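K.L.:
Add chains B, C and D to chain A, keeping to what the hints say.
Number of protein chains: 4
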Amino acid sequence: MMARAMIATHPDVKGSVNDALIRCIEDCYSCAQACTACADACLAEDMVAELRQCIRLNLDCADLCTATGSIATRRTGSNEAVIRLTVQACTEACRICAEECERHAAMHEHCRICAESCRRCETACREALDSLA
Amino acid sequence: MMARAMIATHPDVKGSVNDALIRCIEDCYSCAQACTACADACLAEDMVAELRQCIRLNLDCADLCTATGSIATRRTGSNEAVIRLTVQACTEACRICAEECERHAAMHEHCRICAESCRRCETACREALDSLA
Amino acid sequence: MMARAMIATHPDVKGSVNDALIRCIEDCYSCAQACTACADACLAEDMVAELRQCIRLNLDCADLCTATGSIATRRTGSNEAVIRLTVQACTEACRICAEECERHAAMHEHCRICAESCRRCETACREALDSLA
Amino acid sequence: MMARAMIATHPDVKGSVNDALIRCIEDCYSCAQACTACADACLAEDMVAELRQCIRLNLDCADLCTATGSIATRRTGSNEAVIRLTVQACTEACRICAEECERHAAMHEHCRICAESCRRCETACREALDSLA
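Protein chains in written order, with the numbering used here: chain A, 2 to 134; chain B, 2 to 134; chain C, 2 to 134; chain D, 2 to 134.
Pulled out of the complex, with its shape left as it was, chain A reads as follows (with noise of 0.2 Å):
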């Protein structure tokens, strides 16, 4: 991902960078990949019936990640307020997927991962918020 070397060249940034900010943008397209690819293997299990609300957190997960590595991304004009509650509840989001993968992490690997994805765009996603204070 160049989310770093794209923001760099925006004419409004110039080269200042948040460097919070960039870690979170590129943790957020990564953890809805990650979402994306936990729900359809949990569909894919013999237990899927136990996997729903794994399943259900992934999807709204994925969504709210996409969501905000896009209005992250963009720096033109201002729109700080909406970001800042865009990725806190991206925040949220990735904090409940992350416990409820946690509970299956022991008996499948992409649950495991999903987590760890989980939490690492959460805390970049807390990190980019003090970032903007």
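Treat the hints loosely; a few may be bogus.
Repeated chains share a single entry, so a pair holds when one copy, or any two copies, can fit it.
Unchecked claim - Straight line, CA to CA, 20 Å or less: simulated SDA-like cross-link-like pairs of lysine to any residue:
| no. | residue 1 | residue 2 |
| --- | --- | --- |
| 1 | LYS15 | ARG5 |
| 2 | LYS15 | GLU81 |
| 3 | LYS15 | LEU133 |
| 4 | LYS15 | MET3 |
| 5 | LYS15 | GLU110 |
| 6 | LYS15 | SER132 |
| 7 | LYS15 | SER79 |
| 8 | LYS15 | MET108 |
| 9 | LYS15 | ARG113 |
| 10 | LYS15 | ASP47 |
| 11 | LYS15 | GLY78 |
| 12 | LYS15 | GLN54 |
| 13 | LYS15 | ALA45 |
| 14 | LYS15 | ARG53 |
It is worth saying that the hints were derived from the structure and are not from the lab.
Just so you know, these numbers come straight off a predicted model, no measurement behind them.
P.N.:
Okay, now just chains B, C and D, sitting in the frame of chain A:
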């Protein structure tokens, strides 16, 4: 849009539909389309340089409306904290985008209609939040 | 949905609207909602294990309908080759998803309604393709 | 991005991963971010009026890359006809967007980097299509 019919037949809903949430879902999809169209129409205007902030807010609003429409549609299991935070972010994105579009409404009919769509979605989001309380 | 009004006010369109394309846009957003809801309702069914393929096709169809609604909404500049290929992919996604949902339509009302939504969108996509020829 | 690890643990994949498809998925998410950033950076340029077509193609390409990354990630059941058509549409969107960005690459560094990202994604899409044949 068949949002009401679709959600009424969900096994966990069994006909007891939250009408405020249904309106929120439908207005989110509608507003995503309006904001996508308004961003594109602004881009084609001679005075595009003065519409940069409008385009940016339109794109952010479209991303959040799409995510909100999808997340608010899901009824399996539970994810109310995330629905609530997502709808809150969407409310603010709609409000801010409406304000900006209203500034150009006298000059650009697409901004006038888009502002209406954003205000309708903002109201629907607020009523959905109340209904979840 | 205000797709017609929004696109009619685009500076490059000036009132000469392609009605087949408008219907395609509106049906794409509507079908994205129906498929998102059907995937979620299938996930909540006791027989979820037998609905895995339906859920997978619903999610793929929702993703393509969302992308198609957005891409077909844009009228600035030109990108007809991409619109055409996207609408073709969407036509096939709708057709295949409709076929699968029809298999479960007698048992699950959400599949019956979703199949209708997919067939309507499939037809609208075909007519939009004809209108672009 | 953990696309390889996530897909390798899918119950239906069992370690036999299609590496060309993995690269396609990762490049799609990366290209979606680059195109979103390039559209926004173009919007902030003094010469925005000359970059309208670039912005439009960037937005279309981002939409298709996002849908393709998500659809190509799913391995449950089968939907190869739709994956194939979606990746074809994405290949063309990347090729056309790269061509346009290359025209501005000497003047705008964000267009130069975005063009590279689109070319890489275009190649990855072609190789994924070959691998599915």
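K.L.:
Work down the list of hints and note, for each, if the structure agrees.
P.N.:
Right, here's what the structure says about each hint:
Taking the shortest alpha-carbon separations for LYS15 and ARG5, only the intra-copy value of 12 Å comes in at or below 20 Å, while the best inter-copy value is 35 Å. In the homo-oligomer, the alpha carbons of LYS15 and GLU81 lie at most 20 Å apart inside one protomer (18 Å), although the nearest pairing across protomers, at 35 Å, exceeds that limit. For the identical chains of this complex, LYS15 and LEU133 are intra-copy neighbours only, at 18 Å inside a copy versus 42 Å across copies, given an alpha-carbon limit of 20 Å. In this assembly of identical chains, the alpha carbons of LYS15 and MET3 lie at most 20 Å apart only when taken from the same copy (16 Å versus 31 Å across copies).
Taking the shortest alpha-carbon separations for LYS15 and GLU110, only the inter-copy value of 11 Å comes in at or below 20 Å, while the best intra-copy value is 42 Å. In this assembly of identical chains, the alpha carbons of LYS15 and SER132 lie at most 20 Å apart only when taken from the same copy (18 Å versus 41 Å across copies). Only within a single protomer do LYS15 and SER79 lie at most 20 Å apart by alpha-carbon distance; the minimum there is 16 Å, versus 31 Å between protomers. When the C-alpha separation of LYS15 and MET108 is checked against a cutoff of 20 Å, the pair qualifies only between copies, where the shortest distance is 15 Å, while the shortest distance within a copy is 47 Å.
Taking identical chains as interchangeable, the C-alpha atoms of LYS15 and ARG113 lie at most 20 Å apart only when they sit on different chains, with a minimum of 16 Å there against 39 Å within one chain. Taking the closest pair of Cα atoms, LYS15 and ASP47 come within 20 Å of each other only across two copies (14 Å); inside a single copy the shortest separation is 52 Å, beyond that limit. For a Cα distance limit of 20 Å, the shortest separation of LYS15 from GLY78 inside one copy, 14 Å, qualifies, whereas the shortest one across copies, 28 Å, does not. Within a single copy, LYS15 and GLN54 get their C-alpha atoms only as close as 44 Å, which misses the 20 Å cut-off; across copies the closest is 19 Å, which meets it.
Taking the closest pair of Cα atoms, LYS15 and ALA45 come within 20 Å of each other only across two copies (12 Å); inside a single copy the shortest separation is 47 Å, beyond that limit. Taking identical chains as interchangeable, the C-alpha atoms of LYS15 and ARG53 lie at most 20 Å apart only when they sit on different chains, with a minimum of 18 Å there against 46 Å within one chain.
Of the numbered hints stated above, none is contradicted by the structure.
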